[in-house]
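Here is what each chain is made of, one letter per residue.
Number of protein chains: 4
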Amino acid sequence: MSDSPGVAGFLRSIITVGRELLSSRGTNPIATATGLTEQCHQLLHHRGEASGLALADEVNKAYLHLDESQQLLFFQSLNQEFAVDPTQVIAAANHYREQPNHDTLIQVTKAVEAPRVRLFRRMNMAPGGTTALVKLRGDLLKILQQHPELKAVDADLKHQFISWFNKGFLELRAIDWNSPALVLERIIKYESVHAINGWDDLRSRLRGDRLCYAFFHPALPNDPLVFVEIALTRGIPTAISPLLDLSRETDPNADFDTVVFYSISNCHPGLAGISFGNFLIKQVVEEISKRHAQAKTYVTLSPVPGFHRWLSETASEHGVDAAQIQAMAKSQGENAPIASRDVALRLCAHYLINEKSGHLAMDPVARFHLGNGARLAGIHWAADLSEKGLKQSAGIMVNYHYDISAIERNHDAYFDRGEIAVTKGINRLLG
Amino acid sequence: MSDSPGVAGFLRSIITVGRELLSSRGTNPIATATGLTEQCHQLLHHRGEASGLALADEVNKAYLHLDESQQLLFFQSLNQEFAVDPTQVIAAANHYREQPNHDTLIQVTKAVEAPRVRLFRRMNMAPGGTTALVKLRGDLLKILQQHPELKAVDADLKHQFISWFNKGFLELRAIDWNSPALVLERIIKYESVHAINGWDDLRSRLRGDRLCYAFFHPALPNDPLVFVEIALTRGIPTAISPLLDLSRETDPNADFDTVVFYSISNCHPGLAGISFGNFLIKQVVEEISKRHAQAKTYVTLSPVPGFHRWLSETASEHGVDAAQIQAMAKSQGENAPIASRDVALRLCAHYLINEKSGHLAMDPVARFHLGNGARLAGIHWAADLSEKGLKQSAGIMVNYHYDISAIERNHDAYFDRGEIAVTKGINRLLG
Amino acid sequence: MSDSPGVAGFLRSIITVGRELLSSRGTNPIATATGLTEQCHQLLHHRGEASGLALADEVNKAYLHLDESQQLLFFQSLNQEFAVDPTQVIAAANHYREQPNHDTLIQVTKAVEAPRVRLFRRMNMAPGGTTALVKLRGDLLKILQQHPELKAVDADLKHQFISWFNKGFLELRAIDWNSPALVLERIIKYESVHAINGWDDLRSRLRGDRLCYAFFHPALPNDPLVFVEIALTRGIPTAISPLLDLSRETDPNADFDTVVFYSISNCHPGLAGISFGNFLIKQVVEEISKRHAQAKTYVTLSPVPGFHRWLSETASEHGVDAAQIQAMAKSQGENAPIASRDVALRLCAHYLINEKSGHLAMDPVARFHLGNGARLAGIHWAADLSEKGLKQSAGIMVNYHYDISAIERNHDAYFDRGEIAVTKGINRLLG
Amino acid sequence: MSDSPGVAGFLRSIITVGRELLSSRGTNPIATATGLTEQCHQLLHHRGEASGLALADEVNKAYLHLDESQQLLFFQSLNQEFAVDPTQVIAAANHYREQPNHDTLIQVTKAVEAPRVRLFRRMNMAPGGTTALVKLRGDLLKILQQHPELKAVDADLKHQFISWFNKGFLELRAIDWNSPALVLERIIKYESVHAINGWDDLRSRLRGDRLCYAFFHPALPNDPLVFVEIALTRGIPTAISPLLDLSRETDPNADFDTVVFYSISNCHPGLAGISFGNFLIKQVVEEISKRHAQAKTYVTLSPVPGFHRWLSETASEHGVDAAQIQAMAKSQGENAPIASRDVALRLCAHYLINEKSGHLAMDPVARFHLGNGARLAGIHWAADLSEKGLKQSAGIMVNYHYDISAIERNHDAYFDRGEIAVTKGINRLLG
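Chains as they are written, first to last, in the numbering used here: chain A, 1 to 431; chain B, 1 to 431; chain C, 1 to 431; chain D, 1 to 431.
Among these hints, one or two may not hold up.
All copies of an identical chain are treated as equivalent in the list; a pair is satisfied when it fits inside any one copy or across any two copies.
[What the hints assert, rightly or not] With a straight-line Cα cutoff of 25 Å, these simulated PhoX-like cross-link-like pairs (lysine-lysine) come out:
hint : residue 1 : residue 2
1    : K151      : K110
2    : K189      : K356
3    : K151      : K391
4    : K158      : K110
5    : K135      : K189
6    : K424      : K290
7    : K290      : K135
8    : K356      : K290
9    : K142      : K391
10   : K151      : K61
11   : K189      : K142
12   : K135      : K424
13   : K158      : K290
14   : K330      : K189
15   : K158      : K391
16   : K61       : K135
17   : K290      : K391
18   : K296      : K142
19   : K388      : K142
20   : K356      : K330
Since the hints were made in silico from the structure, they are not lab data. Source: prediction; values computed, not measured.
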């Protein structure tokens with residue numbers, strides 16, 4: 001691939017030609033929402049290919065230079081000026097009602113596709129287009145809650161992304177110390193569960209009995225979509241700090257039997273809702289099982305990020321003080337009284353299993369793993385005493401067990417009947 | 001990339017697990033349209049990911065085993081059983097008319113998307129899915145004329161392909177004697193203008209002053225989408241056989257000044273209408289101009305594939321006998337009387353410039369190059385005396401000139417006003 | 001590797017600079033032994049690096065343009081003009097005898113290294129140098145028997161090759177239909193046991209249950225040193241034609257248990273005596289055992305290339321007519337009378353086991369495999385009825401069995417005591 | 001390369017087999033000089049290939065576990081127990097004197113090659129063998145001055161390395177932020193001129209207008225032999241700190257005209273005396289001239305590492321106080337009085353041009369660049385005020401100019417007549 005002449009190089013130069021053509025037409029790129037909107041109209045109605053690519057490139061670059069206030073203005077333009085025309089939709093629909101056939105249906109289909117969809121496709125043709133659009137949706141999602149009227153813009157982008165990021169186009173790659181620094185730098189930046197403190201920490205997470213896998217998409221070269229960090233261990237781990245210890249010794253001949261997914265990070269906020277994590281875990285299980293057949297157990301060591309907030313909000317019902325539990329974890333750690341620990345663990349199990357959002361688990365990490373068909377298999381006190389771990393999970397961590405022979409059954413039971421698969425130990429804990 | 005664990009490998013094995021799950025459910029893959037249709041319904045409504053991928057794989061494989069009569073039955077099922085529901089469309093449209101907002105629009109959008117679109121997306125997730133779907137549309141197009149009612153199925157596939165095969169995802173690669181045999185074998189097979197007679201002929205077209213470039217898409221690895229064959233020459237060639245001569249000598253120090261595109265082949269009938277050729281030519285011009293700056297002229301040596309048929313049909317109007325011209329080319333070649341040759345060339349120029357289909361050139365090759373902004377720059381007698389050359393083009397070939405500084409202007413004039421750019425020589429010929 | 005700027009490119013251009021410097025000095029490359037010898041003297045005494053590389057490149061190219069008679073003259077020059085100076089050797093040796101220390105030893109070492117050794121090292125620095133030198137030794141070996149006085153030149157080259165082609169520098173590669181055509185074309189050309197009849201035959205030998213592995217050296221990129229062709233079979237094969245059958249069907253799920261090495265070819269006559277085959281077989285056994293653990297048996301299907309000649313020369317002693325046996329194989333094949341077949345097979349076993357050259361097997365293929373520690377495990381009548389098979393082996397083929405647990409022991413017994421490992425079946429045959 | 005099955009993997013497993021064979025013979029690897037010496041004797045006389053490789057691997061590993069005192073003992077064993085046998089040398093020499101022919105010469109050649117040479121070749125066959133041997137020579141060189149009797153061991157290793165590291169086997173690679181972290185980590189570690197302070201510093205040296213190139217050898221994958229760091233600048237730089245400034249801005253459109261080699265590092269002490277730097281610079285000049293044709297000037301910005309010591313030792317002759325000059329550079333930098341600066345610069349020019357070691361420049365960096373044919377083109381006050389820069393060079397740095405049209409001439413004048421090429425400016429400085 002490296003010796004291919006490269007579409008990007010070519011495009012850059014067609015763009016140069018195109019830009020000269022454009023400038024002779026008097027266009028003038030300005031990084032304001034107004035200027036950008038004007039360029040978008042031109043791009044949408046443009047016909048010449050060379051100058052069209054140049055325009056697309058200018059649009060993408062101009063977008064990347066907008067500040068937040070201009071972004072909002074631009075999104076509002078996308079929402080209003082590049083929207084579906086209700087008159088056309090209604091006219092086409094009327095036509096269809098009178099004569100429901102292929103041609104009238106196509107008219108409806110065209111009428112309900114907002115012009116911005118075609119704009120997005122054109123932006124995507126220029127090199128770096130996909131990157132710009134993923135960034136654009138990430139920016140949009142940040143302000144969507146304050147500006148719910150923009151959800152139509154988001155829906156159009158998401159719909160296009162679902163098509164472009166079809167699972168059939170993903171590439172799994174092992175990440176290790178042989179990977180390009182460019183990729184590793186992004187792994188450091190994107191890690192969202194247990195922050196990576198620089199290159200030494202990264203190296204420690206890639207050496208010896210540690211693995212890392214990521215999905216890539218051809219339109220985002222060297223920029224991972226999602227990745228998972230893995231420890232090979234003897235027995236199921238009950239706390240995070242031994243896994244992250246920089247000074248741990250690695251015995252290459254160690255007889256590990258367990259594969260631990262201890263961190264899964266989505267890299268691009270702009271790809272929210274286009275799920276890769278589930279697919280990644282299953283593919284990695286497959287990969288590892290081929291190389292390390294002796295490892296029979298696949299589990300996570302996961303936070304319970306909604307636990308502390310839920311406990312704070314519902315503490316009165318349960319007769320406990322959330323802040324006190326948190327403080328006990330912090331100050332006493334593993335030495336906290338067994339009885340107090342058990343109260344906390346039981347409440348956490350209750351939270352994970354019984355507290356729902358709709359008919360699915362309320363906790364986002366639980367929702368992800370249970371939705372994948374994993375089984376709740378362990379709840380551990382004082383397992384993550386970092387600031388974040390205490391604040392979100394009151395220091396508790398849990399194991400979700402991926403038992404390949406059971407995931408499809410668990411998955412069905414969870415979605416059909418809201419049933420959550422748990423081990424006997426968890427059941428005993430709940431009493 | 002080669003050391004990446006490979007999505008395909010993984011999928012194959014998830015599919016194995018999935019297949020076991022499926023078989024315990026009693027499904028039974030049969031390569032008949034009826035069985036396949038049933039599987040498609042299952043795939044569409046399936047939820048489990050592992051068994052879903054297994055199902056997708058079975059659907060793809062089963063499709064590839066259908067014979068032509070079963071294909072037709074299957075396409076008819078796709079057309080009828082996986083179609084839009086007019087009642088839903090009308091209901092959603094009514095709803096929208098009453099309350100035209102984002103949510104009601106989304107309902108219309110969903111209603112006008114046929115269930116088969118989602119089916120195609122699911123089929124694409126399995127390894128080889130894109131290949132199967134491209135094959136499927138190729139098969140469909142073959143029978144579409146006899147079965148115009150299937151055009152809705154084609155429209156849905158084409159719409160999806162336009163998104164998946166966005167230009168931003170294409171990769172340009174030089175094809176040479178270092179390319180994998182797997183790729184070269186396909187070049188031999190796909191060549192559609194001047195057939196490649198085995199490996200020796202191919203090698204001759206890749207050595208010395210010959211080049212070849214192709215576009216690839218990541219979902220069709222090692223399977224080109226479109227490719228162009230190129231000769232570097234001194235002066236503009238006026239006949240094809242010297243270019244294809246296996247025994248020609250190549251002088252590595254030859255002082256060529258001209259780049260000749262003498263063959264452009266689309267590889268997959270199933271991608272008809274998703275145009276890559278224009279983009280390929282422009283990218284290749286760019287590539288070559290970087291490496292061979294001394295070559296200033298970029299031209300084609302092209303057939304006129306519709307000429308002989310048109311001449312036969314209109315011969316009485318022009319007072320000539322088409323068969324006689326063809327026979328003269330065959331028997332006398334370059335020795336035909338100048339006056340007779342000039343008649344033929346003038347008619348050919350007339351055909352290319354004045355005969356239109358709509359407001360565009362009637363001849364398909366002319367339509368392609370003129371639409372790209374090229375200029376008609378030469379018409380040559382006895383330029384291709386092969387059976388095919390005589391039958392389609394009465395032995396005539398033409399040059400289209402790609403003058404980068406003029407292509408945008410030519411393109412606009414052609415599409416805006418139907419004007420065809422020609423050189424003075426051609427104008428003189430027309431008188 | 002492909003995107004590295006490339007030593008070769010650089011060298012070519014340093015050579016351009018160097019050549020200009022040279023030409024201003026009045027050197028003039030001529031492809032005669034005399035001219036080349038003169039250039040060699042210059043190269044040997046040259047100091048400037050740029051012009052030195054240019055000179056080396058000219059020497060290499062000039063060598064490649066010598067015809068056979070000029071080659072001989074050139075080898076004679078190498079032998080005489082670039083030889084050790086006996087006076088110097090004797091002087092240095094005298095010096096050493098008087099004062100045997102490091103410095104006087106170094107003087108002897110230098111005196112016994114012929115100047116041509118340094119010449120070869122300088123030739124090797126230019127791009128393509130290794131290729132030219134391997135070719136040179138190949139040419140030299142062809143005429144060595146007629147010109148035994150040249151053996152000193154050969155000894156120097158061989159000594160240098162042993163160092164350059166150290167096993168630690170070899171790279172094993174799988175050869176398949178994804179390999180560059182450039183490599184595959186050479187596989188066709190180099191195959192020396194069962195000729196490959198063009199690309200279709202090659203493809204047949206690479207598909208389905210067939211494998212091919214080769215060793216490469218970094219200084220001969222894309223040019224294999226040695227390769228082995230392999231069939232995966234059920235049971236040990238007793239004849240070659242079913243293995244080479246183009247129309248055989250391959251069942252990807254076939255339950256093979258045997259790995260058959262049916263052809264091993266050394267690619268470069270110039271590397272004779274620098275053995276890679278043994279190492280290749282052992283590495284391939286290792287490779288395959290990782291991927292196909294169910295295959296427990298590793299055998300060859302090999303010719304007995306010296307059998308027919310030996311039989312012709314010794315027929316009177318054995319009371320058989322060699323030509324008659326050969327004719328019977330040709331005309332009756334497997335239908336020859338059992339008794340006659342048994343006579344032939346018994347003689348062949350006798351030839352393989354008892355006929356020695358020194359204390360090693362006389363037959364070259366037997367010598368190779370027995371020297372690797374393999375065991376003679378089968379002798380088959382009418383196993384190769386090709387012209388070559390009849391002419392060399394009277395149609396007989398044999399299996400050598402590579403039993404990893406026994407090869408070291410067999411190897412020792414063979415070299416220590418001339419013992420040849422055979423199966424009981426072979427012993428029974430011998431009576 | 002990455003998808004090749006890998007010699008290393010294979011060897012590791014042959015070694016496993018071999019080790020079992022060995023252990024049944026009762027050998028027992030111990031990381032002492034005595035144990036290792038014993039293993040070396042075994043390896044030298046061993047015949048079985050599998051167990052031979054296992055032995056070689058054990059020897060290599062055992063060597064890497066020796067501490068410094070054991071290393072010395074081991075080197076002494078290599079020197080004594082694996083040395084040439086004078087009796088044999090003298091006998092062979094006598095034989096040759098009586099009958100000077102090829103066979104008797106071969107006997108001398110064999111007699112003067114110490115057994116340890118064959119030992120080294122055998123060690124090199126195991127994976128990692130080259131790495132171990134390069135390390136071994138590095139260790140040896142460290143103690144050679146105290147133990148000059150070991151020079152024979154060094155001479156044998158160096159002679160072998162000259163053959164293995166023939167320039168024809170080197171590969172030039174661009175080093176950038178896309179390179180494997182494994183390689184970049186080594187660049188950080190090996191940099192020997194201006195230390196790289198971690199990953200941020202490295203990244204700064206690879207971005208924008210900075211380049212880095214390295215030579216690799218196939219037997220040391222991902223381990224560079226030598227590398228050069230380069231800045232593209234406008235005008236010739238006169239101080240190092242602007243080049244190393246992490247916060248400098250890079251203008252991708254900057255109109256640079258000069259290529260500055262500001263750091264060249266040899267990576268392996270064990271390869272001392274096997275020169276790659278000269279070849280690297282010339283190849284890099286070639287590479288860059290193809291990509292950045294507008295850059296016409298190629299210069300270094302180099303330390304004068306022997307200047308301060310020389311000045312200290314000879315200060316009385318020159319009537320200056322070396323420590324005072326150093327202190328002035330440190331405290332006043334560019335603000336030092338012009339007259340004082342000129343005294344220092346003139347002395348430095350004198351040191352570089354007139355102080356010789358033999359007939360070559362005394363300063364090691366000067367010796368390298370002048371030997372390559374470069375011209376002394378600038379001497380700058382207060383150019384490197386780092387601790388090392390002050391200590392070695394009194395803060396002075398110089399430019400050596402690589403003028404391709406003059407390097408061959410300069411090179412010859414330097415080696416033939418000890419003439420040092422300087423610019424007029426330098427001559428004026430000297431008065």
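Tested hints:
Taking the closest pair of Cα atoms, K151 and K110 come within 25 Å of each other both inside a single copy (20 Å) and across two copies (16 Å). When the C-alpha separation of K189 and K356 is checked against a cutoff of 25 Å, the pair qualifies neither within a copy, at 32 Å, nor between copies, at 54 Å. For the homomeric pair K151 and K391, neither the shortest alpha-carbon distance inside one copy (32 Å) nor that between copies (58 Å) is at most 25 Å. For the homomeric pair K158 and K110, the shortest alpha-carbon distances inside one copy (18 Å) and between copies (14 Å) are both at most 25 Å.
Taking CA atoms no more than 25 Å apart as the test, K135 paired with K189 passes inside one copy only; the shortest distance there is 15 Å, against 37 Å between copies. Neither within a single protomer nor between protomers do K424 and K290 lie at most 25 Å apart by alpha-carbon distance, with minima of 30 Å and 40 Å respectively. Proximity of K290 and K135 under a CA criterion of 25 Å is satisfied in neither setting, with 36 Å inside one chain copy and 32 Å between copies. For a Cα distance limit of 25 Å, the shortest separation of K356 from K290 qualifies neither inside one copy, at 37 Å, nor across copies, at 48 Å.
Proximity of K142 to K391 under the C-alpha cut-off of 25 Å is restricted to the intra-copy arrangement: shortest distance 23 Å within a copy versus 55 Å between copies. Taking CA atoms no more than 25 Å apart as the test, K151 paired with K61 passes inside one copy only; the shortest distance there is 24 Å, against 39 Å between copies. Only within a single protomer do K189 and K142 lie at most 25 Å apart by alpha-carbon distance; the minimum there is 19 Å, versus 42 Å between protomers. In the homo-oligomer, the alpha carbons of K135 and K424 never lie at most 25 Å apart, since the shortest distance is 45 Å inside one protomer and 51 Å across protomers.
In this assembly of identical chains, K158 and K290 lie within 25 Å of each other by CA distance neither inside one copy nor across copies; the values are 35 Å within and 38 Å between. In the homo-oligomer, the alpha carbons of K330 and K189 never lie at most 25 Å apart, since the shortest distance is 27 Å inside one protomer and 40 Å across protomers. For the identical chains of this complex, K158 and K391 are neighbours neither inside a copy (32 Å) nor across copies (51 Å), given an alpha-carbon limit of 25 Å. Taking the closest pair of Cα atoms, K61 and K135 come within 25 Å of each other only inside a single copy of the chain (12 Å); across copies the shortest separation is 38 Å, beyond that limit.
With identical chains, the CA atoms of K290 and K391 are never at most 25 Å apart, being 39 Å at best within one copy and 49 Å at best between copies. Proximity of K296 to K142 under the C-alpha cut-off of 25 Å is found in neither arrangement, the shortest distances being 41 Å within a copy and 50 Å between copies. In this assembly of identical chains, the alpha carbons of K388 and K142 lie at most 25 Å apart only when taken from the same copy (22 Å versus 51 Å across copies). Taking the shortest alpha-carbon separations for K356 and K330, neither the intra-copy value of 28 Å nor the inter-copy value of 70 Å comes in at or below 25 Å.
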